[in-house]
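**Q** Make the full structure from the sequences, and use the hints.
Given next are the chains, with one letter for each unit.
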Amino acid sequence: MPVDIDIAKVAHLARIDLSDEELAQYGEQLSVILEYAERVSALPTDGVEPTSHPLPATNAFRPDVVTSSLTNEEALAMAPEAEDGYFRVPRILGEP
Amino acid sequence: MPEWEAVIGIETHVELQTNSKMFCGCAVAFGEAPNTNTCPVCLALPGAIPVPNEEAIEGIVKIGTALDSTINKDSLFYRKNYFYPDLPKNYQISQYTFPVCEFGKLEIVVDGEPFVVGITRVHMEEDTGKSRHVGEDGRIHDASHSLLDFNRSGVPLVEIVTEPDIRTAEQARAYGAELQRIVRTLGVSDARLEEGSMRFDANVSVRRGPDAEFGTRTETKNVNSLRSLQRAITFEIDRQTRVLEEGGEIIQETRHWNEDKGVTISMRIKEESEDYRYFQEPDMLPLEIDEAWQQRVKAEQPELPAQKRARYVGLGTDAHTAELLADDPALGGLFDQAVQAGANAKQAGIWITQEVVAYLRREEKSLVETALSAAHVAELSEMVSAGDLSSTASKDVLNAVLAGDGTPREIAEAKDLIQISDSGFLEAEVDAVIADNTDAFEKLAGGDMKMIGFFVGQVMKRTGGKADPRLVSEMVRNKAQG
Ligand SMILES: [Zn+2]
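Quick note, the sequences are listed as chains A and B, same order.
All letters in the first sequence, in the order written, are residues 1 to 96 by this note's numbering.
All letters in the second sequence, in the order written, are residues 1 to 482 by this note's numbering.
No wet-lab data here; the hints were simulated from the structure.
For each residue, glycine too, the CB sits at the ideal point set by N, CA and C.
Among the hints, a few may not be true.
[Stated by the list, open to error] Residues from chain A that keep clear of chain B, each with C-beta distances beyond 10 Å, as calculated:
1) I5
2) Y26
3) L30
4) S31
5) L34
6) V40
7) E83
[Unchecked claim] Mimicking DSSO-like on lysine-lysine, the simulated pairs with C-alpha atoms at most 30 Å apart in a straight line are:
8) K415/B with K365/B
9) K395/B with K9/A
10) K9/A with K461/B
11) K466/B with K395/B
12) K415/B with K461/B
13) K9/A with K365/B
**A** Given below as structure tokens:
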């Protein structure tokens, strides 16, 4: 059963710029995945406990202890642009 | 047509004061140089795995418990996907279905009337980084570019969402104030509005009377005091009412409170239908807050502000004094200890919230910087009850104790303020005055009660003002009535 998806909207939500060919190509691939999910959803699951995680474990916690952070130089070393110790980004609203 | 009625819901974000961040070991610290408390996890470098801070989970369970919520035994983290540069991952780790707490409530009192605000949910998430917009006036719209500091990115954040139960700006403010008191009492956050460790968003709509359907709502942000919360909501109610009365329409939008101008301003950000594409955070295991954990938090819960106020009123203070004492841990602590040491609660409450507070304000000191102890308050109270000190003189003595001049008795003696309340001695004095003023006494005995003042005055004169006037007055009255 084909699943109807608005691939252009999905691409926009993920901020991925796709050409018309790519939209068609990824749309097809995503449909296959969703169709598979539909088939799984159709299976009878009455009386089956819902699984919220594949591992039968909970509460992997960390004690509230401070560990060392990166230096400012290390943190910014990977940034395309930096200024005065800050990450610098293009203007947020409107045209950059 | 029925009167307009406002429908208000409040979303509150509270930063938890843990040592380390929510999902990594970076320090939670304020006012440090930008980007000095970051790591691969809170900068969202590839491959970094978030691991929740147990103390933060403990914090949200405390908040949920204090808000009478159901604590969900099983709870899940989700990714909330959206694009904004202060969020390095392009998603925020938050909760969606199965938050830690649901179905709570908080009772507030406005104008002596109790009012219950339903708490829809309390969930755990992480804070974003801070952005600074560079340009003419620092506004995002005119900025040439923006600068980002990720020190705050990943600080544990608890979101508390109310039902749309609130009807007035005053109730909203009272709710915010009580929530702030609770969070501080629990010790999970300093809840400072000016510094942003507690932040309110107000959802406001208006409708024609309590039976009408909800109107279109707006969400007002950037409210950083309790007073602005009340002002912003009042403005928004008035604005919406005016728009609707003029036949206009309310647009569902986010608005920004401008404190200086006292108005809310549309953010003019095109809001696409919200689609955060929530999905379960695959890097994390489910939370399990079992019965034992829930019971322990409940058992360890400190006395909440409402409980404390009720206890103080029960001890004999008036409601206003109880509120002042409960709001200030130092003053409340002094009061509790003084009462325990035998002070009269009503008297001690008034001294502490009036004389002591005025002294601290005048001298710009905190309580610990003064010489006053609970034992002093108790001693002072005892002296007044025993009639050794008039209540007027007690204020002078209290101020001298605060200034470090000694104990109440030492000061009262040094200043010659001890009253004579020895009834044998005073009775002799009263008799002497009566013997000297037989005409006046006849008038008094004849029912001219105004004469009591004359006799009390004469006794005070003979004793150099040291007789206990209440006791003397009582004696004169008894003698007159024969
Ligand atoms: Zn970090």
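**Q** Hint by hint, note whether the structure agrees.
**A** Structure-based check of each hint:
1. The claim that I5/A lies off the interface holds: its Cβ sits roughly 13 Å from the closest Cβ of chain B, which is beyond the 10 Å cut-off.
2. For Y26/A, the condition that its CB be more than 10 Å from all CB atoms of chain B holds, with the nearest at approximately 16 Å.
3. Every Cβ of chain B is farther than 10 Å from the Cβ of L30/A; the closest lies at roughly 13 Å, confirming the non-interface assignment.
4. No beta-carbon of chain B is positioned within 10 Å of the beta-carbon of S31/A; the least distance is around 18 Å.
5. For L34/A, the shortest C-beta to C-beta distance to chain B comes to about 14 Å, beyond the 10 Å cut-off, and the non-interface label holds.
6. Look at V40/A: its CB is around 16 Å from the nearest CB on chain B, clear of 10 Å, so calling it non-interface holds up.
7. Listed as outside the interface, E83/A is inconsistent with that label: its C-beta sits roughly 6 Å from the nearest C-beta of chain B, within the 10 Å cut-off.
8. Of the supplied pair hints, the one linking K415/B and K365/B holds, its CA atoms being roughly 25 Å apart against a limit of 30 Å.
9. Of the pairs offered as hints, the one joining K395/B and K9/A is violated, with about 73 Å between alpha carbons and a cut-off of 30 Å exceeded.
10. Restraint check: the Cα-Cα separation between K9/A and K461/B comes to about 95 Å, which exceeds 30 Å; the hinted pair is violated.
11. Note on K466/B and K395/B: the hinted pairing holds, with a Cα-Cα distance of about 16 Å set against a maximum of 30 Å.
12. Taking the CA atoms of K415/B and K461/B, the gap is about 18 Å. The hint holds against a cut of 30 Å.
13. Among the hinted pairs, K9/A with K365/B is inconsistent with the structure: their alpha-carbon atoms are about 61 Å apart, more than 30 Å.
In this structure, the hints that do not hold are numbers 7, 9, 10 and 13, in rising order.
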